[in-house]
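Asks: Please arrange chain B on chain A, whose structure you already have, making use of the hints.
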Amino acid sequence: MPTRNICLGTALMLLSCTTFAQDKSPARFGKVSAEDFKQTRYDLDTGASAVIMADIGSTAFDSGSEWFEQVYKRYKRIKILNKNGYDLADEEIYLHQQGSKEESLQHLKAVTYNLENGKVVETKLESKAVFTEKLDKNTIIKKFTLPNVKEGSIIEISYTINSEFPYYLRSWAFQGQHPVLWSEYEVELPEYYEYIFLSQGYNPFYIKDSENSRKTYNLRVRSQTGYGYSGVNSENVSVSPGVTRHRWVMKDVAPLKEEGFVTTLRNHIASIEFQLASIRYPNYPVQPVMSTWPKFMEEMMKDEEYAGPLTNNNGFLVRTVDEVVKGASDQLDKAKRIYAFVRDNYTCTDFSAVYAKQSLKTTFSKKSGNVSEINLLLVAMLKVADLDAAPVLLSTRDHGKVYALYPIAARFNYTVANVHIAEHDYQMDATRPYLGFGKLHADCYNGHARMVNAEAVPLAFEPDSLREMEVTGVFISPDEKGGFTGHFQQQATYLNSYSLREKVRQKGEDAYFKELEKDFRAPIKLSNGKIDSLDRYSFPAVVEYDFKLDMEDENGMIYLNPMFSEAMRSNPFKSAVRRYPVEMQAVPDVNYTLSMQLPENYTVEDMPKSTIVKFNDGEGVFQFLTGQQGNMLQMRSRLKLSRATYSPEEYESLRQFFDIVVKKHAEQIVLKKKS
Amino acid sequence: MKRLIFLLLVGVQASAADPEYPVAAIPPALLKNANAVVRVQELHIDMKGLKDMRIVTRYAVTILNESGSKHAAFYDYYDQLREIKSIKGALYDASGKQIRKLKQSEIKDESAVSDFSLMEDDRLKRHDFYHRTYPYTVEYETEVRSTQTFYFPRWIPQDDILLSVQESRLNITVPADYLLRYKQFSYKGEPVQTPGKGTKTFSWEVKELPALEDEPMAAALRYRTTVVYLAPSDFSYGTYTGKMNSWDDFGRFVGLLNAGRDVLPEKTKAEIHALVDDLKEDREKIRRLYKYMQERTRYISIQLGVGGFQPFDATYVSTKGYGDCKALSNYMYALLKEAGIRSHYVLVQAGQGKNDLVEDFAVNQFNHAILCVPSAKDTIWLECTSQISPFGYLGQFTNNRPVLLVTENGGKLVYTPDYRMEVNQQNRLIKAVINEQGHLAGSSRTQLTGMQQDWYHGFVHSISPEKQLEILKERLNLPSYDIKKFHYNEFPDASPVPSMDELLDITAPNYASISGKRLFIVPNVLNRSGAKLDEAPNRKAPIRLSNPYRDVDTVEIAIPNGYTPESIFKDVSLESPFGKYAASAKVEGNKITYIRVMERREGLFPATEYAALESFFNSVYKADRSRIVFVKGE
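In order, the protein sequences belong to chains A and B. Read in the numbering used here, the first sequence has 338 at position 338, and its numbers run on one by one without any break. Read in the numbering used here, the second sequence has 149 at position 149, and its numbers run on one by one without any break.
Please keep in mind that the hints were generated in silico from the structure rather than gathered at the bench. Ideal Cβ placement from N, Cα and C applies to all residues, glycine included. No incorrect hints appear here.
Below, simulated SDA-like cross-link-like pairs (lysine to any residue); rule was C-alpha separation at most 25 Å, straight line: (1) B:LYS431 - B:THR554; (2) A:LYS518 - B:ALA607; (3) A:LYS674 - B:ARG627.
Computed far set for chain A versus chain B, every beta-carbon distance over 12 Å: (4) LEU105; (5) GLU188; (6) THR216; (7) LYS302; (8) LEU459.
Pair by pair, the computed Cβ-Cβ distance ranges are: (9) A:GLU649 - B:ALA220: 51 to 57 Å; (10) B:PHE116 - A:ASN312: 47 to 53 Å; (11) A:ASP136 - B:PHE116: 18 to 24 Å; (12) B:TYR299 - A:ARG638: 51 to 57 Å; (13) B:VAL433 - A:ARG638: 30 to 36 Å; (14) B:PHE116 - A:PRO282: 53 to 59 Å.
Next up, chain A with everything else stripped away, as it sits in the complex (with noise of 0.2 Å):
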């Protein structure tokens, strides 16, 4: 049977060992003795809450009511340590449904097993006690909590999924937020179904192997029948197609801990997913599902849930994008008013998904939808403002990565548009309201996307690529009443420039030099503050304000931290160990001088003294350089990286060399009083 293994990347490792002691766990449903109760701490993690003492999950290919079915089966068995893992004992089970397929839940068993004086007394959910709440028009969650759940109690689920989806194979996380002592997953596929299997994570495999046989399905197929289309009937089909049975397991997995600096846990716990690569019937070409990018992109381009409608002639836009676009002097001015016309009219209600669930139409009037109806309205126009156009397909960090090599839909979750203009591509997002023509949001920065054009044009958006400078600069002299004055100028960075105005608009402009007045660091009368490039959203805000600095005199002495509110005060990387990568959202390039003219009648009596510190080989640098000229005192900090990402590796001197940073940025100023 041909499957495919895939090794994706340095960040993969699939370490196959077949073995023969000890293949299975030895939890079985039901089967619960006191000696199961004995162990109340893991050095796997001693701090859990609760412990997953195995959970077993297969999928198989069943005959269904109509041709295949899917059977999802899953048992887990789970201690709860501690008060604080109760949680695990409530259990919601996310069902979906579309037209008149559905999943269905079924042979649903779940118990509680208390010790009591020595005895294993179980305790069983009643099936009236399972509550069914409608989400949506797609979803229904099936939800119930374990009764009879104290400190030490062992709980088992184990349920059935049936699936008329079969296409739709799920996946499996072997680490979650509590240890794992068994995480086993079992698939059954008949030859007919090829899929590509991807696995992630940093854990070995304790077993992978596979194993191949022949079953009988006896289908029901619809089929034509008498003369003409006179109806649909079924006939039942007898096929004996090969199988492989695929079976992985992990053992002992420890929980991977949210840290800063990560697009998303999901894109390093260990875990397996699959794809559906093509199908082949006996008697059947091969139906290739996913082949190629262009393929894909064909369909993404003809599928009327998302590209379909931006070939129409889409008439009812030429009104609006007529009066948009007139008189712009050429296509990049067309192209940006129309942009700026979209974002700023319209409201996006949902940023991840893919598919349109409105007409372009209702999207157009109703003024709001998701993040691909926006963006594709706004394909749209360009369109008909005969700009050449397409959307790009990407993921967000938070969504994890999309695999360069394969076309799999729902890696993605985003929608942007591209506009093609005398040699040059610009990207736009109108669902963002503070972005720039040609700009992203920093959430699109997540590597690998792809444009729906007949070429698929592959693109990438590395936050590595991305520099983010930040420029300010503190001027501060004497003033005639023996105090300071001082002006203040920041140019942001792109991505903070970003969430400024966001909170400048939310609490107004007052409210944010309040705040930075507050957080100056050292006692400031702020005034004539303003902010440049407030609304022109393709270039970075400027933040400006004069202020009055109320720096005591000590007995003489005057000290001061010439960082004031930009100084680096903690080190942003705490934990001692990294298991994964750093990822930063850009290339970190800060910026800071501070000019300052002393008082007649004083003297510096102290400053901070020049270092230069290289991490790894110059490839980041952090320069903190102090002199003086006369009257006037010089300091400038700059602290500069070459890359975003960073392996767990690097991690050490990544937070020592921060420690370095924050401990110059602490270093003060002293000027002595002439005596």
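Replies: Chain B only, in chain A's frame:
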């Protein structure tokens, strides 16, 4: 407990002609500080009978800017006892012309199960025009039919700050012989009464309320703007009927809902007797049964129909091992009853700082239930939803407030324990050494009592040790640090309130900053006030301070030899109606001794005291960051 308060913007038949809402017609005074302006709001309630209440709401609100857009979204809840019959809506541009109308297909219908619940039958209808060209106006009109008369809508014309109101009206029509009860706040005059055919109508009206500002530590909305509570005399709730003329009535009704729900399985009864029959003291019996309850149950909220007010019975809790605040309090009541101890089910308006229940008007203001075991000298209060609460102690969630005690003879308002400043202490001693590099290493020993231990108690019991360490590091707020060791000792039975001891071993690299020959040290290592207030010459809201406390910090730091103090800050001593503060430092040889005392009082203070509050808080903020400068001798 369930959301007990109905949506506020709930209103009146539209007039025949389509209205217009030109922004130019808004009086300038209403634009000041406002993000949105309620142009008109009409809440019309027609109570036709105890099981039939019609509520028609119409409102139009002009959204001036992006911050005001939250007022543009429409939502309303419904459940088994409340049906939304219709929703209409329209969108108007700045000139007041209608742009479009709401289409029924645009209304979203969602499950409204709250985060803390496993299951509820509440659902939500939601709509938004998603308009983005400011200013604009949205108008909504809803018709709701309620088959219960236990709770009535509240009228709060101005339900948010930075929102002004042009005009708002409340009309309620009840049968002529029905006694309608109401309580008004910040409203001049009395409602207009109009007799109808077999009915009577009460009307309230406000006009031109300027926007309220965002003011820190502001008292509840009813001290700042018009609020009218409505309440029934006779009412119907599910299959029950009752009266609400007094707290006595209210309690009687709750007693009726709970009646007969205290039956325990025989097995549980036997366990109770085995547990307590040999004990002499009631207090010990209660303690043991409370522990029994804590070990066998957990909090699971399931709210269906009248279940928002009626507990699951004691047998249910006994067999399932879970329940919500009502079910668990009722269960505890049943356990105590079986042991021959009388207790009372208690309804509470819970929440930190929510201790100002309206006492002179019986109306539902509750969201929680606890249990009270009365005694002439030592009444015991039990929080039954927590598996970790110390016996007989109520934390900030329910302490110091009026609550409704449900007795055999009806209800009465009583007060939960008031934990005063003197019992909420944090006494800390830090002994540390700073070395030549400026690194600090030392230990901190802290005694925490009363409400000051609430947070730590929850922290120790509900978070894994690994996460605890992470959170502690966050809280220390030092530039770079490490906690070498941390440990908590608990004294849940300490008198008069539980206490805890915290032991920390910390190192803080670069705690002192060294520049050349100078050493800068802030001797207040771990207790710096975070509250800095803005000037507010026109403060309007009264000031509410809750959770009084007393902190005493003693810090001893040894510094490297060879340094002499260059600058030591002067002693600070502040006194104000809000509390007292003193901080001083002295240097003897190479040892710094720093002492800080902060006493924060509680109370409701007039807005005119704000300048004093600002001065007090900001002086403390500054003093907490005072440093000592040392210079190295040549």
